[in-house]
Amino acid sequence: MRVMLAMSGGVDSSLAGALLLDEGHEVVGVTMRLWGGESDTGCCSVSDVDDARRVAQQLDIDHLVFNFGEDFDNHVVAPYVRAHVDGVTPNPCIECNRHVKFDRLAERADLLGFDAVATGHHARIGRDAAGRPTLQRGADRAKDQSYVVHMLDRDQLARTLFPVGHLDKSEVRQRAAAMGLRTAGKPDSQDVCFITSTGGRETFLGDRIPFRSATVLDTGGRHVGEVPAVEMVTIGQRRGIGLPGGGPKRYVVDVDVDRRTVVVGADDDLLDRALDVVAATWVDRPVEGRVLVQTSAHGTPAPADIGPGPDDSVVVRWHAPHRRVAPGQSVVFYDLADRCVLGGGLATRP
Amino acid sequence: MRPAAVEAMLPFLSECYANPSGSHRFARDARRAVDEARDIVAECLGVPAGWVVFTGCGTESDNAAITGVLDAAARTGRPGTAVCPAAEHHAVLHPVEHHGGRVVPVDRSGRVDLDALADTLRTTPDVRIVSVMAVNNEVGSVTELDPVCSLVRELAPDAVLHTDAVQAASWLDLRALTPSVDMLSLSAHKFGGPKGVGVLVVRDGTRVAPVIMGGGQERDRRSGTHNVAGIVATAAALAETDAERHDEVSRVRSLRDRLVDSLLAELDGVLETVPRAHKIAGSAHVCIADIESEALLYLLDRAEVCASAASACASGAMEPSHVLAAMGVERSWSAGALRMSLGATTTDADVDRAVEVVTDAVRQLRR
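These protein sequences, in sequence, are chains W and H. The C-terminal position of the first sequence is numbered 350 in this note's numbering, with every residue numbered one higher than the one before it. The C-terminal position of the second sequence is numbered 367 in this note's numbering, with every residue numbered one higher than the one before it.
Hints in this document: simulated from the structure, not taken from any laboratory. Because the structure is a prediction, the values reported are computed rather than measured. Take the hints with a grain of salt, since some may be wrong.
What the hints assert, rightly or not - Restraint-style ranges between C-beta atoms, simulated for each label pair:
1) W/Ser189 - H/Met213: 40 to 48 Å
2) W/Gly37 - H/Ala289: 26 to 34 Å
3) H/Thr359 - W/Gly24: 30 to 38 Å
4) H/Glu356 - W/Asp62: 19 to 27 Å
5) H/Asp146 - W/Ser189: 39 to 47 Å
6) H/Ala325 - W/Gly37: 56 to 64 Å
7) W/Gly24 - H/Ala289: 49 to 57 Å
Glycine residues also receive a C-beta, built at the ideal position from the N, C-alpha and C atoms.
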């Protein structure tokens, strides 16, 4: 096959290139230039592009840089900023996968005559009994990234390869080191690529939107404090809400940006029986009934029943009360064996 | 590189390896080679040899002009401003912006808008340098420097006029440009010389502070040990370019015309970005509807046709062209920009191949 390999400059996509070549594929490496602003980490910095290019040279494959900055601004950065104004907690890496890697890049690959796009994600593409592609968790459970690629459907999976998904991360590093790949010991990227470690989310958002202060209330409606930026507050948050230390731990249980109020309560006040999910996508077709539901990148999946709700939403009914999920977070459905992704969507307010 | 340039430089990479600033016989040999190279370059430019400064590249020459003039003015208690058009190469635009200078609009062909330049010169106090490129590097448009010179002399008589002539050397008689300007930049690799050598012409009496300070080479205008082999090769390449220019321009012009005419005939939705009457012979620039340059360039590269779109950023990604934006080319057109350069080695067969490959690639991308 002719494979376009998305190379972030990290160890996973580096080894992915070597594995694809071993399998006899024709491989062209591509690094996407996404974020034009300040950056100190992630897939956009020039030093990461250098790493990707040097690995491509080592593998003796062509390496290209595609400028998808405009798509990234429109589909990832602008919605990220807007979400905070709306009191929603977005996951920009998932939106980048949805709109840039597996849409824009995949479309480009198709147009240029490639048969598949490969990435270094830790997820696996299997086959069901009828031979159709399935999306499965990566072999290394601790590094599993099926959550962040849950939006892929069968058609997309048929044109996608995850060459390192069957390996433990430690084995990825060992093999990369054995081959002398310069990225073998490079630390995993952790953070959002357009947020700098020095400025953080606050500086990034503060440069783009006016922060609004909010009143902090307890669950009884009593005034307990103020926060300078309601846009920076997320459900479940415990620190940084300006409450005096000591006393019982208090968490943000509700954020209302329109009324500029933040409600804090005890751990128990965060427990929900149900969750509404919008903008659902399905690997195959909509699923109903008993599933496992994961609400963060490395969270523990919990059993629930899912079924259709109003306006194409999906209602998740937890089998046991579940910690509240901030609106905007991705909610991913797995089969009961906790192996295959069935679909997913975005948490919304009940 | 031109074979004559390669041949000229080789002895200075082996047996004649001395530093021309030394005081022994080998140094004198090297010094003589640099002096003779300077004479040749000066002759091709129609200026005295003393005006020719060798630098490390065209970008350095541009920076040395802008920063050097502003710095010299500031040191004599006359701080001031730089002015340039919006379609300049980044080697001019970025230093002008860095020093808080004024950027003037350009016309639809990428040439400075003379009325806007006049307004800027009238309304900006203390203009110390005006930099206007002779030939645009992306779209190939030629700016007549005489009217620019007249405006500057009339409205900003204290200002230095610099031109980035990096793209002009192969196509325009440089002797016709130098009388209009005080400073002029060249880059050797644009006329078949080596990468890593630039030329800066500095008219006598122009006050310029050095940007690179040190041992005082180049009459204190540019310190650093001479790149003797590169300088000698630069002179050889420029001399050959100058001698062949007249014939080459008409030969390459007909190749370029056939290339562009064939693309216009084969494909719908192709815009010739700048009228040919405003362009140098070696530049073919078109905007192709409904495709993206990056995708097109990949297909061309795969078929071993090497072209470009705009300039690349530090990561190697193509940036949307600031030149096309300044010219007012709509984003829908500029997204499909294709820049093809022709030169001394371009043949009829190359043009046939380019037409075939570009046509096939555009059809594939539009399917």
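Results for each hint:
A hinted range of 40 to 48 Å for the beta carbons of W/Ser189 and H/Met213 is consistent with their spacing of about 42 Å. At about 30 Å, the CB distance of W/Gly37 to H/Ala289 agrees with the hint of 26 to 34 Å. Checking the proposed 30 to 38 Å range against H/Thr359 and W/Gly24 shows it holds: the Cβ atoms sit about 32 Å from each other. For the hinted restraint 19 to 27 Å between H/Glu356 and W/Asp62, the CB-CB distance of approximately 22 Å keeps it satisfied.
Here the CB-CB span from H/Asp146 to W/Ser189 is close to 56 Å, at odds with the stated 39 to 47 Å. Hint check: H/Ala325 to W/Gly37, Cβ distance near 19 Å, so the stated range 56 to 64 Å is violated. The supplied range of 49 to 57 Å is broken by W/Gly24 and H/Ala289, whose beta-carbon atoms lie about 38 Å from each other.
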